[in-house]
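In my numbering, each residue carries its 1-based index in the sequence shown increased by 50.
Note that these hints are calculated values from the structure, not bench results.
Glycine residues also receive a C-beta, built at the ideal position from the N, C-alpha and C atoms.
Each hint should be verified, as a subset may be incorrect.
Listed next, with one range per pair, are the computed distances between beta-carbon atoms [stated by the list, open to error]:
no.: 1; residue 1: SER115; residue 2: GLY62; range: 51 to 57 Å
no.: 2; residue 1: SER170; residue 2: PHE128; range: 34 to 40 Å
no.: 3; residue 1: ARG71; residue 2: LEU99; range: 37 to 43 Å
no.: 4; residue 1: VAL151; residue 2: GLU61; range: 29 to 35 Å
no.: 5; residue 1: GLY62; residue 2: ALA107; range: 44 to 50 Å
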Amino acid sequence: MASYVVMEPPEGDLEQAVLIRDGFAFLAFIMPFLWFLWHRMWLEALAALAAALVIGALGTLEGWSVTATVASLCLSFFLALEARNLRVAMFERRGWREWGVVDAAGRNEAETRFMAGLLSDKAEARNEPSPPALSERPAPARGPGRASEPALGLFTYPGAR
Numbered sequence: 051m052a053s054y055v056v057m058e059p060p061e062g063d064l065e066q067a068v069l070i071r072d073g074f075a076f077l078a079f080i081m082p083f084l085w086f087l088w089h090r091m092w093l094e095a096l097a098a099l100a101a102a103l104v105i106g107a108l109g110t111l112e113g114w115s116v117t118a119t120v121a122s123l124c125l126s127f128f129l130a131l132e133a134r135n136l137r138v139a140m141f142e143r144r145g146w147r148e149w150g151v152v153d154a155a156g157r158n159e160a161e162t163r164f165m166a167g168l169l170s171d172k173a174e175a176r177n178e179p180s181p182p183a184l185s186e187r188p189a190p191a192r193g194p195g196r197a198s199e200p201a202l203g204l205f206t207y208p209g210a211r
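Please take these sequences and the hints and turn them into a complete structure.
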């Protein structure tokens, strides 16, 4: 089963919510710059391109080709692991709110579970009784002298002196 992060748009319209699968993004491993551009993550795409250019320049130096290859693989692996989290952060920067996490076997099941949870939340809100009015609540029990004595010697009650 996979986990899907549900992102709620700033308008609060959950019909437009976005489900982002948590986990390794294989396409971000193969071509991180294009993956970021595809998902409209402009800052992340520029950072990935800049890092790739620096690593490429390092690879042109004498004796650094193996180091540049290893660094490029490490960068791609890191970006593939963190690509989905960076996408969640991008939505949060744009004012979206994290609604929650849905565990499901696939995207269709995740959408179904999300909508089922959404409908049950609305049903509970309609059937939930309103809290009793303030005057209906019983007064707290008070013992003799409790209001004027400090609690455990740490502080006093206002107006006790």
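Of the hints stated earlier, which fail here? Failing hints, ascending: 3, 4.
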